[in-house]
Structure formats: structure tokens, C-alpha cells
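Okay, here's what each chain looks like letter by letter:
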Amino acid sequence: MMIKLIFFKELQQLIIDKKYIFSFFLIIILMVSNTFICKVNYKKEVENFDYINAERVKKIETPTGIMPELMKVFTGKALEKNTFSDVLFVEQKIVANPTKLSTISSNINKLPNGLSFDFFREKFPQYYKSINEYYPQMTPMDWTNIQLYFIGFLCIIFSYNAFSGEKELGTLKLMLVTRISRSHIILGKFFSILFAICIPFILGVIISIVLIGVFPEINLSLVDYSKILISLIISLLFLSLNIFLGFFISLLSTKSSSSLILGVLCWIILLVVLPSISWIFGMNTVKIQNLPEYNRIVEHRINEEVKKNKNYSFEWNSSWKDNLPNKEVKKRVEGTDMIDKIYNETLRDYRTRIFNQVNKSISFSKVSPYYVFRFCNEKISNTGIYNIQDHYDQSMQYTGIFRNYMIRSDANDKESYHLIWNESWATPSFCSQKEFNVYEMPRFNYQSPSISKLVKSISIDFLILFLWCIALFSATFILFVNYDVR
Amino acid sequence: MSTFKTLLLHEIIQQIKTLKFILLVVVSVVLSIVIGYLNINNYVDRHENYLEEVRKAEDAKHEFRVYSEFNVPIFNPPNPLSIFAKGFDEKADYRYDIAIAKLPIPQSISVGNNPLMVIFNDMDIVQMIAVIFSLWILFITVDAIVSEKENSTLKIIFANRVNRLEFFFAKYIGALIPLSLALLLSFILVLILVVLNSSFQTEALFFVKVFILFLYSIVFLSFFILLGLMISTLSKSSAGAVAFSLFTWLVITFLYPNTISYLIDSQTDIQSEDVLMKKIEEDEKQLIIDAVKWESANSPKEGTNFWSSRGGGFERPYFPGYILGSRSTMEFYLKYLAEITPRYLESQNRTIEKHISYENMKLRQAELLKKFTFYLPNYLFISGCELIATTDRKNEFDNFWTEVRMFRSTVMEYLKNKNAFGYRFFTVLPVSEFRDETPYIDNIESFEYENTKTRIPIDDSPVFVYHNKIGTPVQLIVLILCNIALFIFGVNIFRKQSLII
Numbered sequence: 001m002m003i004k005l006i007f008f009k010e011l012q013q014l015i016i017d018k019k020y021i022f023s024f025f026l027i028i029i030l031m032v033s034n035t036f037i038c039k040v041n042y043k044k045e046v047e048n049f050d051y052i053n054a055e056r057v058k059k060i061e062t063p064t065g066i067m068p069e070l071m072k073v074f075t076g077k078a079l080e081k082n083t084f085s086d087v088l089f090v091e092q093k094i095v096a097n098p099t100k101l102s103t104i105s106s107n108i109n110k111l112p113n114g115l116s117f118d119f120f121r122e123k124f125p126q127y128y129k130s131i132n133e134y135y136p137q138m139t140p141m142d143w144t145n146i147q148l149y150f151i152g153f154l155c156i157i158f159s160y161n162a163f164s165g166e167k168e169l170g171t172l173k174l175m176l177v178t179r180i181s182r183s184h185i186i187l188g189k190f191f192s193i194l195f196a197i198c199i200p201f202i203l204g205v206i207i208s209i210v211l212i213g214v215f216p217e218i219n220l221s222l223v224d225y226s227k228i229l230i231s232l233i234i235s236l237l238f239l240s241l242n243i244f245l246g247f248f249i250s251l252l253s254t255k256s257s258s259s260l261i262l263g264v265l266c267w268i269i270l271l272v273v274l275p276s277i278s279w280i281f282g283m284n285t286v287k288i289q290n291l292p293e294y295n296r297i298v299e300h301r302i303n304e305e306v307k308k309n310k311n312y313s314f315e316w317n318s319s320w321k322d323n324l325p326n327k328e329v330k331k332r333v334e335g336t337d338m339i340d341k342i343y344n345e346t347l348r349d350y351r352t353r354i355f356n357q358v359n360k361s362i363s364f365s366k367v368s369p370y371y372v373f374r375f376c377n378e379k380i381s382n383t384g385i386y387n388i389q390d391h392y393d394q395s396m397q398y399t400g401i402f403r404n405y406m407i408r409s410d411a412n413d414k415e416s417y418h419l420i421w422n423e424s425w426a427t428p429s430f431c432s433q434k435e436f437n438v439y440e441m442p443r444f445n446y447q448s449p450s451i452s453k454l455v456k457s458i459s460i461d462f463l464i465l466f467l468w469c470i471a472l473f474s475a476t477f478i479l480f481v482n483y484d485v486r
Numbered sequence: 001m002s003t004f005k006t007l008l009l010h011e012i013i014q015q016i017k018t019l020k021f022i023l024l025v026v027v028s029v030v031l032s033i034v035i036g037y038l039n040i041n042n043y044v045d046r047h048e049n050y051l052e053e054v055r056k057a058e059d060a061k062h063e064f065r066v067y068s069e070f071n072v073p074i075f076n077p078p079n080p081l082s083i084f085a086k087g088f089d090e091k092a093d094y095r096y097d098i099a100i101a102k103l104p105i106p107q108s109i110s111v112g113n114n115p116l117m118v119i120f121n122d123m124d125i126v127q128m129i130a131v132i133f134s135l136w137i138l139f140i141t142v143d144a145i146v147s148e149k150e151n152s153t154l155k156i157i158f159a160n161r162v163n164r165l166e167f168f169f170a171k172y173i174g175a176l177i178p179l180s181l182a183l184l185l186s187f188i189l190v191l192i193l194v195v196l197n198s199s200f201q202t203e204a205l206f207f208v209k210v211f212i213l214f215l216y217s218i219v220f221l222s223f224f225i226l227l228g229l230m231i232s233t234l235s236k237s238s239a240g241a242v243a244f245s246l247f248t249w250l251v252i253t254f255l256y257p258n259t260i261s262y263l264i265d266s267q268t269d270i271q272s273e274d275v276l277m278k279k280i281e282e283d284e285k286q287l288i289i290d291a292v293k294w295e296s297a298n299s300p301k302e303g304t305n306f307w308s309s310r311g312g313g314f315e316r317p318y319f320p321g322y323i324l325g326s327r328s329t330m331e332f333y334l335k336y337l338a339e340i341t342p343r344y345l346e347s348q349n350r351t352i353e354k355h356i357s358y359e360n361m362k363l364r365q366a367e368l369l370k371k372f373t374f375y376l377p378n379y380l381f382i383s384g385c386e387l388i389a390t391t392d393r394k395n396e397f398d399n400f401w402t403e404v405r406m407f408r409s410t411v412m413e414y415l416k417n418k419n420a421f422g423y424r425f426f427t428v429l430p431v432s433e434f435r436d437e438t439p440y441i442d443n444i445e446s447f448e449y450e451n452t453k454t455r456i457p458i459d460d461s462p463v464f465v466y467h468n469k470i471g472t473p474v475q476l477i478v479l480i481l482c483n484i485a486l487f488i489f490g491v492n493i494f495r496k497q498s499l500i501i
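From first to last, the protein sequence lines stand for chains U and A.
Read in order, the letters of the first sequence are residues 1 to 486 in this note's numbering.
Read in order, the letters of the second sequence are residues 1 to 501 in this note's numbering.
There may be inaccurate statements among the hints.
Listed next, with one range per pair, are the computed distances between beta-carbon atoms [stated by the list, open to error]: (1) U:126 <-> A:471: 17 to 23 Å; (2) A:271 <-> U:209: 31 to 37 Å; (3) U:183 <-> A:267: 30 to 36 Å; (4) A:372 <-> U:393: 39 to 45 Å; (5) U:77 <-> A:52: 29 to 35 Å; (6) U:456 <-> A:353: 50 to 56 Å; (7) A:17 <-> U:226: 53 to 59 Å; (8) A:471 <-> U:393: 45 to 51 Å; (9) U:281 <-> A:495: 50 to 56 Å; (10) A:251 <-> U:8: 51 to 57 Å; (11) U:456 <-> A:177: 42 to 48 Å; (12) A:354 <-> U:341: 34 to 40 Å; (13) A:354 <-> U:126: 19 to 25 Å.
Hints are computed from structural coordinates only; laboratory data are not their basis.
Think of the CB as a built atom: it goes at the ideal place given N, C-alpha and C, for glycine as much as any other residue.
Put together the whole structure using the sequences plus the hints.
Okay, here's the thing in C-alpha cells:
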């Protein structure tokens, strides 16, 4: 009952405050404009995705580039379809799927969003989008950043003088003269601020969802709505954490202006300072080789292998063409296979390291609950580094499926000598020359994480945020119990 | 005057004694050391990589046997001032090939930074000042006047016939001096780290520019001191003043610039590089077809043609390093150089134009953002520092690429004067040695002319020299004017304010 009284009293005071009224409209404006921007970005992503996929199918199906034109000039015949051996050397691109839930957490534009490969080799992470290096790295105003940079900060603004302010005015001791317990005071104030902050935020979410429903480009499924709901629960935890942080700071000092300064200092440290420093530990824990070193490693390994195994042959004899394969051809095949294997292994090692480095940095940055919240939302919306990593893993699996399919297709051709190696001018003589049917080829279909997998992956983050709330609430309560209200 | 001195001394001592100031010093020391250390290591890595690339290019330069191998790449050296103001320096770690068959298109030689680490904001010293110092200074100054009103000390001070202008000025200078000392400490710590790093080669100009950056930082911080004093004058309570200043800082530092850049990015369309490369390919296709047709029609009677002499393969007209063959093959190549090479060079010019047009598209987007953010103090400060450090976009990209293209024209003239487009373009064999029959050579290296180690004489080739140009510091002038305007405005408001709440 007393909680209710305190709740309504605090809420009333908060709602009539000019700061709150201004913030209310600003939050809704930011969230709604974010939705429009996300719609435009989603449309661009879809166009880019469809274009790259169409180009990929076209490249596999029909000869592209200068080759068909030149064949027309020399032979008078137009090359209509690629053969099996042509497809071995086609560079295929896989680009990350467009993200419907980028309203929750947007992709950072400067992250690579794809990879390329052919039958023999994989490549470094690629950028299949327009990147403007003259444009500053911006912080997208998605729901996560609106909460981090604005709403979370507002929670501290509305809670920093919850106790020190009341003490200055002399109302705190009056409140405690009644039989109200200290925990009820804390909870009453907490729920009032949380409710007041949640009204514009949830209103912004509802308006955004309605707008998304109106846009024909974005089609949200039940799974997407579930993810939005999970994100809202995490947001509630995050906002609660900020409110308790404000309370805790309010109880550390007797002057409200000192409380505010401490509150802002905490906000800066948790949002800017700690994460800016923490990624350094990740960089120092996991070393990655730079590009020149990478090339040197590959060269060194190849030379070592060639010294060890003198059976490899790198001499080409034009008489081998259109004739049966002999021992020398097979030695050449083994040699080029060895080189491709080393390239791919070194690249995979590089890729593993870059992901390890960034994951370590993320782990260190989670010292700040703000970054726990940030990366949790990235997992929910399937954007950012988690999306890149998941996409990469699935793409790598697909390259294996594609290779196996090609080997099986070649094995089924009785006219083939079944020798496939990374030399486009020689291999066609020794492998299948049948016309390639791109529609029989296995396709890459990215599977976004299921709800159960998502819940599992964010459970630790949820627990961390929850523990922060408990810890701050407990600290607030203990401080308040010992607080001198005179 | 003595009143002013008393007030000033009092203010300085009060500032230094506050917890806020001590916290500022502690945070700035920690951040300066960490940021300075990281940025110095990053610069040293990049510089070592640059020196390695230059050395390799210099070594390769003396090994060219024919003019078709001629390639004197230019590298954009890392700027030591990027420790303070990164700007576009790291993005401009490029190599530009100056060769006949290659375009001087920037190719990254970036030292393997993890491309995924863009998820973290890495700061330089200037950004640390723009974000952390600016906020903290607002906090320190924002209750300077209103707290005196709250404590009723203001009316006591003015009961002593203190001039309002003197009082305001004392508050301003009383905050500026300690804060400048804190800032100076940050700069000194970074310079100590620079000097202690043995791989770092500095010259006197570096320290002069650092000093100018320091002075510019003071102008920037002065803006926030005056802003804080103005808010303090207008506010009725300390808490209200702090809250309002915080909100103002949040809007001008984060909300407005990020919202605007997010909006502009979504509303402007930059085509991807794939589309550009496709356009270039289409343009070159016809040239390649014409070249191949010409070759088929003009190839020597014994059947040696462009394809078989290169081992086959349909590729764009790229000249072999050195070709050995019969007199008719040699004459075929000389004819090729006279008829097809000029067309190829024209096609390259068109490709460069397409690249420039693509770059201009990107620049237009950046310029649009600049229009909306130019008058923000943080933007004025950061872009002004980049200008002083010459890590701004114009120096790192526009001017550099313009100079590179002009240098390429100079090199082409030099090569023409050297008669590079004669037989020495593709073979070490003098014309008198051209044979009547095609020798079949399995191993080119064993042929006697290849073992003479004949090199083309290019020791007198033009040398590329680029001097960074410091642009007109419009940002500095605007910031100084903003300071003056804020000061005048602040004083006028203070003069009309009541001394009690």
C-alpha cells in the first residue's frame, strides 16, 4: 500500500517535470525516425543481396567476362553455358542476409559482410557493400544506442537525487517518520521511475512495430516478434540497473549536485572509458599476423613442403594436353593441391584468430554492463559481430558441401580422368567437360538462430545484468539503512 | 586590478582543490597514457611497414631489365601526428603504382589490423579532449556562479564594489588556467612516451605542431568553459545547471551528429565498388577484342602470336617482361607498341576518370554531412586539429592523388624521352640480334642475353616529393569567434542577473 503511495507520488512529480516531458517526445521521435531509417537501409541491403546472388548464379551458369566475346571472335561460336571445369574456377560470393531487426541493433557499416571462394581456395573477409572511407564512423541511433546514450542516462538523471535531493529538502526524514520501510521507499521510487521511462520507450516500440507492419518491404514473423519481446525484457533489466545505479550514487553523497557528477562519471566510465580500454586486452591476448606476414608464412610453409617432398612437380609440358594423365601430371596435381591446402589452412587460422581476438575483446568489454547489454541485443537482432561469425561458419560449411558436390559430379562422368587442380588452362583436359546445371547445385541458405538457441546464447548476459541489478539494489538498501537522513 | 588578482587567485585555488578537478586529472592521465601508448605502437608498426615497402620497391627498381617491368610505386607515409589526430591517416596507407601497364589506383598496404575491431571506437588524443575533457569542463564550470548564488556568497562579493566584468573574467581565467595545466599534463605524458620509443623518429616541426594542437585545444576548452559559465548564470540551481549542461553536451556531441550522419547515410546512395569495376570492364572489353583481332591479323607467319608466346590464355593486353623470338615476332611487337599501346593508355585515362567520379560521389556525401555539422564545436575542433596535423582528407587523399597523377605524367614523358616504347620495352635483345627463326627456349634464364644482367638505366628517373599542405584554419577562426561571442553574451547576461535566487 505504501509502495503504491510512494509510486504515485514520485510518478506525479516526474511526469510534470519539464525534463521528462521533453525527453518523452525526444525518445519517441528518435525511435520512430530510426524505424524509417532502418526501412531504407533494409531495402538497400535486400537490393544488394539480390544483386550479388543473381550475379553469382549468372557467373556459374554462363561464361562471363571477356572470354565468351573472344571465343566468338576466333571461332564464330558463342559460349552459352559453363562446363563443369569452368565452374571450378568461378569466384563465388556469399553475402550476409539483410537484417529485419536492425531497429533493435544495427549493423556497423564498416564490418565485412561476405566472403568469396572457388573450388580450390577461400578468401579473406570481404566488403560487398558501398563503403565511404571519407564518412565518419557513426553510432547508429537504433534502440540499443538510444538506450545506451540517452534513456540509460535519463534513468540516472531521474534517480541521482532520489535520496540526496530529498535529504537536502528535508523530506526524507519526514518520510521515514512514518512506518514505511526503507525497502518500500526504494521500490516505490524505483517502480515510478521505471514506469515513467518505459512509457515513451514502449510507445516508441509500438509505433515502430505498427510502422514496420505498414512497410511492405519488411515482413516480421512470429519469431521476430518473440525476439522483440526478449529484447524488451533485456531493456527492462538494463533500465532497472541504471535506476539502481542512480540510487546507489544518490546515497553516496549528501549533495544532489555531487550525486549528479558522480552519476555522469559512472556513465562515462561504463559507456566510454572501460570499453575503450578493454579491447586493448583482447588485442594483446590474441596476436594476429598482418598481411605481409601472412604471405611470408604461406611462402615458408610451401617451401618447406617442397623440400620435404621432392615428388611434387611444377613443370608443365604442353604435350600433356589432350592426352592420358601420366605420373608427371599427377605430381603436378599433388603439388598444386598442397599449395591450395596451405593457403586455406593459413587463411582459416587467420580467420579463427581475428574472431578470437574480437571475442576476447568483447569478453573484456563486458566488465561494463552497458556492453553486456549492447552485445546481448546484437545477438537478439542477429546483427553485428555475431551475425558475421554465424554467417561465416555456415558459409564455410557450404564451401565443403559445394566441393563434395563437384567431386561427386566429376566422379559420375565416365569420360573424366577425375584430376582436378588449380590451373584453368590444364585442368579441363583431365576432368569433366559436361555442361553444368546450376539449378542442381546445392544452394546456400543462411539459417538464423532459433529462439531456443538464442535464449541459450543470451542466458549468461541476462544473468550478468540480473546480478548487476541485484547487487546494486542490495548495495542501495544497505547504504540506505545506514544513511544519515538528518 | 588588485581585486581581479585576488578573485583570480581565489578561483584557481578553489578549482584545484575540488574533487571534480582531481578526478579530471586522474582520468586524463590514465587515458592519455593508454591512448598515447596504443596510437604510438600503431604508428610505429605502420611506419616500419612503410619503410619495408619502400626498401623493397627501391631494390626492385634496380632489377628492371625491360621497360615493361618499370614500376616505381609511391607510398603514402604514415604521419606521426596521427597519434594526436588520427583523421584519415590510417585509411590512407596506400601504394600507388607508377607503371605503364598499371594504374595509380590506391592499393591498401595496411598493416593487418583486425577488420572486425571496428566494433570498438578507438580514440586519439584529440577525440579524448573533444569527448571527455569537454564534458568534464562543463561540470567544473557549470555551478561556478549558481552555487555562489545558492550559498549567498555572490551578494557578499559584490557588496565589495567588485566589477561584474572582472568577476566573470576571473571565473573564466580561474577555470582556464588549471584546466590548461591538466591538458598540458596529458600532452606532456604522450610526448614522453613518444621520446621514450626508440623507433620513433621526430623532428622539430613535429613538436611545433603538437604545441599548436595544444593551443587549439585550449581554444576549444575555453568554449566549453564559457558555455558552462553562461548556463550557470542562467540557472536557478546547481543541479538544474548540471542537468542542462549535460543535456546540451549530449545533444551536440552525440545525438545530433550521429542522428544527422545516420540520416544522410540512409538517404544518399553510393554505388558499391563492384558496379564501378563492372563499368570499367565493359569499357576495356572492346579494346581487348580490337587488340586480339589486330593481333590475329598481324601475327607473324610462323604462327607465333601473342597467345602462344605467352603460353596461352585470354587476358587484357599486358606486356610480357621480355620476349625472345624471330625477327618477324620482334617486329610484330614493335608494331603492337606503336598501334595498340596508345589506345591502352587512353583506356587507362578513362578508367582513372571513372575512379575519380566514384571518389567524388563519396566526397559529396561527406561534404553534405559537413554542411550540417560544421558549426558544432566538436566538429570544428576535430577537423581543425586534422588540418594542423595534416591528417585531413584533402592532404591524405585529394592532394596526394592529384600529385601522384601529375607525377605519372612526368614519368611517362621521361619514359618517352628514353625511347622506352622501342624494342627495349619488351626485350633485352638489341635489334641487330633479332634472328630469322624462332628459337625454342625451354628455360629462358639459361639464354645468354638473360644472363648478362643488363638493366635499363633509370637512376635518373623522376623522384616523387610530396609536401603536406596545411589548409586555411577556418575552423580555428570560427571557434575563436564563437568564444568571443559567448564571452560577450555571457557577460551581458551576467550584468543583468540578480545576485540572489
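Hints, verified against the model:
Range check, residue 126 of chain U to residue 471 of chain A: Cβ separation about 35 Å, and the 17 to 23 Å hint is violated. About 32 Å separates the C-beta atoms of residue 271 of chain A and residue 209 of chain U, a value consistent with the hinted range of 31 to 37 Å. Between residue 183 of chain U and residue 267 of chain A the beta carbons are some 51 Å apart, a value that contradicts the proposed interval 30 to 36 Å. The hint said 39 to 45 Å for the Cβ distance between residue 372 of chain A and residue 393 of chain U, and at roughly 40 Å that hint holds.
The beta-carbon spacing between residue 77 of chain U and residue 52 of chain A, approximately 50 Å, falls outside the hinted interval of 29 to 35 Å. Checked against the hint of 50 to 56 Å, the pair residue 456 of chain U and residue 353 of chain A passes, with Cβ atoms roughly 54 Å apart. A beta carbon spacing of about 56 Å between residue 17 of chain A and residue 226 of chain U agrees with the range 53 to 59 Å that was offered as a hint. At roughly 47 Å, the beta-carbon separation of residue 471 of chain A and residue 393 of chain U lies within the given 45 to 51 Å, and the hint holds.
Distance hint check for residue 281 of chain U and residue 495 of chain A: the Cβ-Cβ separation is about 53 Å, which falls inside the suggested range of 50 to 56 Å. Look at residue 251 of chain A against residue 8 of chain U: about 32 Å separates their beta carbons, and that is not inside 51 to 57 Å. The hint said 42 to 48 Å for the Cβ distance between residue 456 of chain U and residue 177 of chain A, and at roughly 57 Å that hint is violated. Taken as a hint, the range 34 to 40 Å holds for the pair residue 354 of chain A and residue 341 of chain U, whose Cβ atoms sit roughly 38 Å apart.
About 21 Å separates the C-beta atoms of residue 354 of chain A and residue 126 of chain U, a value consistent with the hinted range of 19 to 25 Å.
The structure fails to meet hints 1, 3, 5, 10 and 11 from the earlier list, while all remaining hints are met.
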